[in-house]
Amino acid sequence: MKYVDEYRDGALARRIADTIAAEVVCERSYAFMEFCGGHTHAISRYGIEDMLPPGLRMIHGPGCPVCVLPVGRIDDAIRLARSPAVTLCTYADMMRVPGSKGGSLLKAKAAGADIRMIYSSLDAVRIAEAEPGREVVFFAIGFETTTPPTAIALRAAIAKGLRNFSIFCNHVLTPVAMRAILEAPAEPGAPPVAIDGFVGPAHVSTVIGMAPYHEFAETYRKPVVIAGFEPLDVMQAILMLVRQVNTQRAEVENQYIRAVTAAGNLTAQVLCAEIFAVREAFEWRGLGVVPASALRLRDAYADYDAERRFEIHTVHADDNPACECPAILRGRKRPAECKLFGTVCTPETPMGACMVSSEGACAAHWSYGRFREHQRLAS
Amino acid sequence: MTAPSELKAYRRKLDLRAGRVDMSHGSGGRAMADLITGIFRAAFANKFLDQGNDQASLPMPTGGRLVMTTDGYVVSPLFFPGGDIGSLAVHGTINDVAMAGAKPLYLSASFIIEEGFAFADLKRIADSMGAASRESGVPVVTGDTKVVERGKADGVFIATAGIGVVPDGISLSGDRAAPGDAVLISGSIGDHGVAIMSSRENLEFETAIVSDSAALHGLVAAMLDAAGAQIKLLRDPTRGGLAATLNELAQQSGVGFRIDEAAIPVKSQVAAACELLGLDPLFVANEGKLVAVVDAEAAVALLAAMRAHPLGRDAAIIGRVVADAQRFVQMTTAFGGGRIVDWLSGEQLPRIC
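Taken in sequence, the protein lines are chains C and G.
Residues in the first sequence are numbered from 1 upward in steps of one, following my numbering.
Residues in the second sequence are numbered from 1001 upward in steps of one, following my numbering.
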């Protein structure tokens, strides 16, 4: 596959791995967080952990939109879908996410709710157009990458004069979540996070550019290397982070120059600014309530806002108190150190944010890496 | 740190009071295994069902062994590049018989048809079944027809059953894989699932990939001729793909697998489509491929025999069976790292067979 295989070359990977191993300083350890689920997935799927020296650890961050959506919002979506007039359109990975009391969209669908899995936000607009008798709600989730497609769907619905289309908006903001990780301990009184630098988002950065990450380098002295989602991208970004740490630099560097520019996608930024406003606060599964961390539709588009049209008032629902996701998302604990991991909490029966989608830290470790615990114990 | 024995997956029991069937129960993953164990195996309990294969091997009163299997087909769309629900219903059931090393003899076919379904489409499907059955030399000898009201089915559903006889000296079963055995695949993976996806109306991408739907009993006969006594088991990696099949076999035989990603044949168009759709070819369905586990000494001879057959031209040795109390399927990635190839949790593609 042209333009893909080049970034998965095993021989090149070994060369980068050798360079990383040669350059790490033995006396210290390195802990880097990849914020995005896409990176977590690449690290797990290609077995990158096996190619890193023992003193270098990757911490899997909260950058999976499916994982961080709080239980209360899932409950809202389930309630919406259950109302007889509503057709709920959702990306397929939301279907299995558990709400409170073991509910999920998959189960609601089995019980008769009209839920359609779609591949593009515009599919929801097409459904609204084809079925004028239905109240079509698009369950909009994701970081800055999926926000512009939601804006485009809204524009299309307005252009078509559709009155039966609305958006249940759950879009969240990456830099704010990164700041929350650096600022807030996992539990009151806990030590600060053990992160030496970030592998910065790939697709998110194509939209927002490099500027939003400068505060992490300048204020928090954490190097950030924006990286693509291919395994060689990740390896190279790790090497760049090691070099920054070794030379006491804290800069924003761009490994993903084939897609990310300093300014980002200005068209998308302008479009989103016109349609969305920042919420006062929003709850993140695993991080808690984070001020100014999510988007809602601007008042001018209130008619298309499902929260207003259906008078949604989100009720907070607690995760299992034994769930260690808050500590795992901050690098304080590893998935296998959680009592629930692999016992009551598995990808089939997820209890917390990190197990919910294959991009979550616990699910990735369960699905791809749990053999390492057995190897460690055996050796 | 938790001890290995404590890291076993917790299986939540089916909620028989308030639970309902959802789409994940049909996806060939763990949820389906739970449904079968919790409801069907419990209700039908007998030693033949407990063989746990895609077919039952039964003693004949007159001596020798009979193999019987049944399969339902609900594929959407009904017509796809490289086949249709009719040819699929013939091939799939022949393959389930053939995976026991049996010679398929007869098929039955049962049709559940939705009110309003066009005669022209039904004839096209029946003609395709007839052609597939004649080409395979396995006749459809009995059938049943039911019509349900509009909205109670999706065009047409087909259920087929097949029977065959096992030659003397052949004993294939999913519980026979042993450490040291070699693992072979008969050709490229993922073709069927990608062909189906490409013909879904809401996806609209064009590819030259056609379904690999084919009857494999000829290939199996050639394999048995070459290494019959050394072959431990055969299985066709349909729903859930190669990953689900290897995990099933690991459970059934109480072993682990070590496979090599670089050795697994994947067509570049299938790889590209999977890349686009965010799928992993390891989990994508096949309808004309088989996995063979064979005594390592016979692996090279078996591979040669497979490659000499038109349906095994791209066959490859992809790994080996290892001792592993955890029954993990582990893979060396083409990139150079290691990972588990787990069951798929939830569904990857709805209704591909």
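These aren't lab readings, by the way, just hints derived from the structure by calculation.
Be a bit skeptical, because a hint or two may be false.
To be verified - With a straight-line Cα cutoff of 25 Å, these simulated BS3-like cross-link-like pairs (lysine-lysine) come out:
(1) G:Lys1103 / G:Lys1123
(2) G:Lys1047 / G:Lys1013
(3) G:Lys1146 / G:Lys1123
(4) G:Lys1267 / C:Lys2
(5) G:Lys1152 / C:Lys101
(6) G:Lys1047 / G:Lys1103
(7) C:Lys160 / C:Lys339
(8) C:Lys339 / G:Lys1146
(9) G:Lys1123 / C:Lys107
(10) G:Lys1013 / C:Lys107
Right, here's what the structure says about each hint:
1. G:Lys1103 / G:Lys1123: violated (28 Å)
2. G:Lys1047 / G:Lys1013: Roughly 23 Å between the alpha carbons, so the hint for G:Lys1047 and G:Lys1013 holds.
3. G:Lys1146 / G:Lys1123: Holds: G:Lys1146 and G:Lys1123 sit about 16 Å apart, inside 25 Å.
4. G:Lys1267 / C:Lys2: holds (13 Å)
5. G:Lys1152 / C:Lys101: violated (31 Å)
6. G:Lys1047 / G:Lys1103: holds (23 Å)
7. C:Lys160 / C:Lys339: violated (52 Å)
8. C:Lys339 / G:Lys1146: Judged against 25 Å, a Cα distance of about 52 Å means the pair is violated.
9. G:Lys1123 / C:Lys107: violated (37 Å)
10. G:Lys1013 / C:Lys107: With Cα atoms ~16 Å apart, G:Lys1013 and C:Lys107 stay inside 25 Å; holds.
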